[in-house]
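Enquirer: Next come the chains, spelled out residue by residue.
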Amino acid sequence: MTESEILARLRVFLQETFLYMKPDYVLSDDDSLLKKGIVDSMGVMDVLGFIGETFGVVPADDEVTEANLGTPRAIARFVAGKLRAPQKT
Amino acid sequence: MCGIAGIARRDPDGGELQLDTLARMAAAIRHRGPDGYGFYTSPRVGFGHVRLSIIDLAGGAQPLTNEDGQVVVTFNGEIFNYRELMRELEALGHRFRTVSDTEVLVHGWEEWGPALLDRLIGQFAFAIHDRRTESVFLARDRFGVRPLFYAQRNQTLYFGSEVKALFASGEVEPAPDPLGLDEVFTFWAVRPPRTAFAGVSQLEPGCWALWQDGTLRIQRWYQLDYSGRQDEPRDVLEQLDALMQSSVDLRMRADVPVGGYLSGGLDSSITCGLAAARSPYALRTFSVTFADPRFDESRYQREVAAALGSEHAVQPIDVGEIAAAFPDVIRHTETPLLRTAPVPMYLLAKLTRERGITVVLTGEGSDELFLGYDLFKEVAVRRFCLRQPDSRVRPRLFDRLYPYMVENQRLGDFWRQFFLTAGSADDPLFSHMPRFQLAGHIKLFYGERQRAGTAGHDALAELRSSLPAAFATWAPEHQAAYLEMTTLLSPYLLSSQGDRMGMAFGVEGRFPFLDHRLYEFAARLPVRSKLRGLEEKHVLRRWAKRVVPPNVVARHKQPYRAPDAASFFGGGGSSPGWVDDLLAPAAVAEAGYFSANAVAGLVKRCRAGQAVGVRENQTLVAILSTQMWHQTFLEARRPVAPLALDSADVVLEGAAAVPSV
Chain A
1 MTESEILARL RVFLQETFLY MKPDYVLSDD DSLLKKGIVD SMGVMDVLGF IGETFGVVPA
61 DDEVTEANLG TPRAIARFVA GKLRAPQKT
Chain B
1 MCGIAGIARR DPDGGELQLD TLARMAAAIR HRGPDGYGFY TSPRVGFGHV RLSIIDLAGG
61 AQPLTNEDGQ VVVTFNGEIF NYRELMRELE ALGHRFRTVS DTEVLVHGWE EWGPALLDRL
121 IGQFAFAIHD RRTESVFLAR DRFGVRPLFY AQRNQTLYFG SEVKALFASG EVEPAPDPLG
181 LDEVFTFWAV RPPRTAFAGV SQLEPGCWAL WQDGTLRIQR WYQLDYSGRQ DEPRDVLEQL
241 DALMQSSVDL RMRADVPVGG YLSGGLDSSI TCGLAAARSP YALRTFSVTF ADPRFDESRY
301 QREVAAALGS EHAVQPIDVG EIAAAFPDVI RHTETPLLRT APVPMYLLAK LTRERGITVV
361 LTGEGSDELF LGYDLFKEVA VRRFCLRQPD SRVRPRLFDR LYPYMVENQR LGDFWRQFFL
421 TAGSADDPLF SHMPRFQLAG HIKLFYGERQ RAGTAGHDAL AELRSSLPAA FATWAPEHQA
481 AYLEMTTLLS PYLLSSQGDR MGMAFGVEGR FPFLDHRLYE FAARLPVRSK LRGLEEKHVL
541 RRWAKRVVPP NVVARHKQPY RAPDAASFFG GGGSSPGWVD DLLAPAAVAE AGYFSANAVA
601 GLVKRCRAGQ AVGVRENQTL VAILSTQMWH QTFLEARRPV APLALDSADV VLEGAAAVPS
661 V
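These protein sequences, in sequence, are chains A and B. For the first sequence, the working numbering assigns the number 1 to the initial residue and increments by one for each residue that follows. For the second sequence, the working numbering assigns the number 1 to the initial residue and increments by one for each residue that follows.
Bound-form chain A, shown alone (with noise of 0.2 Å):
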C-alpha cells in the first residue's frame, strides 16, 4: 500500500472521528494533530487502534511519538514504512 493509499484512509478516519462536528474544517496533511486541537490524548489511542485494526501496524512505545504520530502526513509516512520493513515479533 502506498503512503498516499494510507493518507487518504486516514483522512477518512479523521474526518469522521474527530472531525464531524467541524464540516467546514479543512484538514491539511501537515496539520499538528495535537495543537490544532484535533485530537487529545485519548484520540491518540483512537489513532493507534485504527493504523493497528486497519494496516496491522503496532508501534513499540518508544515509537508513539510526535515525529511519527504528530500529522496525517507523519503518519502515514510510518506506516508506509512500517508496511515496508519486516514487523519484529
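In case anyone wonders, no lab produced these hints; they're calculated from the structure. It cannot be assumed that every hint is accurate.
[Claimed, not checked] Computed footprint of chain B on chain A, listed as stretches where at least three residues anywhere in the stretch have a Cβ under 8 Å from a Cβ of chain B:
no.	segment
1	11-21
2	32-38
3	41-50
4	60-66
[As the list claims (entries may be wrong)] Below, in silico cross-link-like pairs of lysine-lysine (DSSO-like), each with a Cα-Cα straight-line distance of 30 Å or less:
no.	chain 1	residue 1	chain 2	residue 2
5	B	Lys545	A	Lys35
6	B	Lys443	B	Lys604
7	A	Lys22	A	Lys35
8	B	Lys443	A	Lys22
9	A	Lys22	B	Lys604
10	B	Lys604	A	Lys36
11	A	Lys22	A	Lys36
12	A	Lys82	A	Lys36
13	B	Lys604	A	Lys35
14	B	Lys350	A	Lys36
15	A	Lys82	A	Lys35
Built from N, CA and C at the ideal position, the CB exists for glycine as well.
Chain B: place on chain A using the hints.
Expert: Frame of chain A, contents of chain B only:
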C-alpha cells in the same frame, strides 16, 4: 439551613406587598426547608422563608426582628460562633428573644452595620430590611457555600436562594444568557455574578449588596489573598491542630444529630474522625459506592468507618440510576453540567435524609487550601518542563503524575505534549488552560444562535481582567489555588455538587476546611509546606497522623468521578426515551444552542460506544444537560402553587410586627 426569598420595590405598591407572591416564591424552594415557613410584608419590602430546623428548634422561626421591629431578617445558613456573638451583643445591651443564630444578625446589624460580616464564622446568605433607612442589605459568605440570586425589573429587586424562586414571582421571566452558557462550556460553571439566565445575577461570594431607593450597590467584603510573607511557623502542626479542632467544634453545634460524608480519602476521614470524637453517639457516616472499580472507593470507606466505629450506610450507584435521576438533578442545579458527578451526591443526600440525618460534615475545601489536586502538581511540572523545552527527560514527570493514564495506554510523547502546548507560562491562567481548552471543545458544537450570541465574548479575557491586583505577585501554585476556588469550588463544587444536591432533600453540608481562619492560615504557608515535590497536602498529612489510620494518610488522592456518556447509552447503544427526545435533531435545532448535525454525529459515536475520551464525554453531558435545562426552565414551566398562609409559622406585617419580649 433554609431557603430565602424576597421582593423590594422602590415605591409602595399601594398596600402591603402581596403575600401570595411571596408564598409562590417560597413554595418554589420548599425542598430547602420542609420543617416550616414564614413571611414578612411591609409597603415596599417583603420576605419569605422556608425552614430546615437545626438550631433552636422551638424558637427559630423566621423572618425574625430585633427588639423594636425595625430590623427584619430572612436567613439561610449557619452562624457557627453565634453563642459568642450573642454574649457580646447582650453585654452591649441587646435583648435576645430566642437562642437561635438568626437573631445575632438583627442585633449585630444594629450594632455594627455591614462590619457585622467580619465577625461571622459561618456559611450564610441573608437579607435584612432596615425600616429606619428603608434599605435592604443582602450578604453572602466568604467562599460561596450558600447561594443568593437576584434580579432587578422596573426598579424592583427580587432575590432568592434559587433562581426558581425569582421565576415563581411571575415578575421575572426566564431567558437564556448565551454568555453565561459560554462560561459553563469554559469553566464548568457560570462565574458569579453571571448566571445561565439573562437578567438574573448571583451575589459573588464575599460580597454584600445594599438596595435603597430602587438602586443596588455591591461591595466586596472578603477577598481571597495570598500576599505577604510566607513562612512555616515552628509550631505549624499545633496551630493547624487548634484550628481544625475549633473548626469542627463549631460545626458540631446543632440541636439535631450531625453526620458525615465519607469518601474514603484523607479529607473526609479527617472531618469524620474529628466529628466522631465529639459526637455523643455513634457518628452516622454516608458514602457512595460504584460497581465500576474505576470509580469505587468502598474498600477505603469501610476501613475508615470501622476505625471510627461509625454507623455506616452506603448508596450504591449504577449507571441506570444516574440517567434516571438526571432530570431532577438539572431542576436543582439550574445550570447545564459537564459531568454527571452531582447525581451520586443527589442520591446520597436522599439516603442521608431517609436515615434521619439533616446535617453532614464533608471534606470539601481541603484540596484547595492544601494544594491537593493533581492540577497543582501539574502546574509545577509544566513550569519545570518549559524552563528546558528541549528536555526529553523532564516531561516524563507527567507519567508519575498520572500513572493510571500511561500504565494501560500507550500515549507516549503525545500525552506529555498535551500539557506543554496549553498556555504560556506568563499567562495568569496558565494553570487552568489545559482544563479550559478541554472544556472549550464543546464550543465546536455550537449552533448558529449560540455562536452569534457569544460573538466577541472572550470568557478567558474577562476572567483575566477580574483578577485582583496582587494576583501577579503570588506564587504560581497560589494563583492556581485562587482560580480553582473562584472558578470551580464556589460555582460548581459547593453549588451544583454541594448545596443544590443536599438541599434537594433538606440536608445541610458543613465544611470544616472552609473556616476562614483555616483558609487564612493555609494561605500564609509557603507552597513547599503544602506541596513537597509531588506529595500533595504535605503539612496536612503530617498532622493527620494524629486523627486518621496510617494507610489513609499515605493514600494519594483518587479524583471523584462518575460514569458520564455510558450512563445514558446502555448495552447496544439504547438510551431512555427522554434522552432520545432531547437529542433528536429537531429538538436540538429548536432549542438553538447546538448544531443538530454535529450533535447527531456525537450521538452516533456514543451509541456505538466510540465516545471514550474526556472531550466527547463532557460534550455529551453538556449538550444533554443544556437540552434538559432548556426544557425545564424555558419550555415546560409548571405554575407554582403558593404555600398556604394559614399554615405559616409566622406572618409579620409591617410596623405591627413587633412581638412582645
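Enquirer: Against which earlier hints does the structure fall short, listed by number upward?
Expert: 5 and 14
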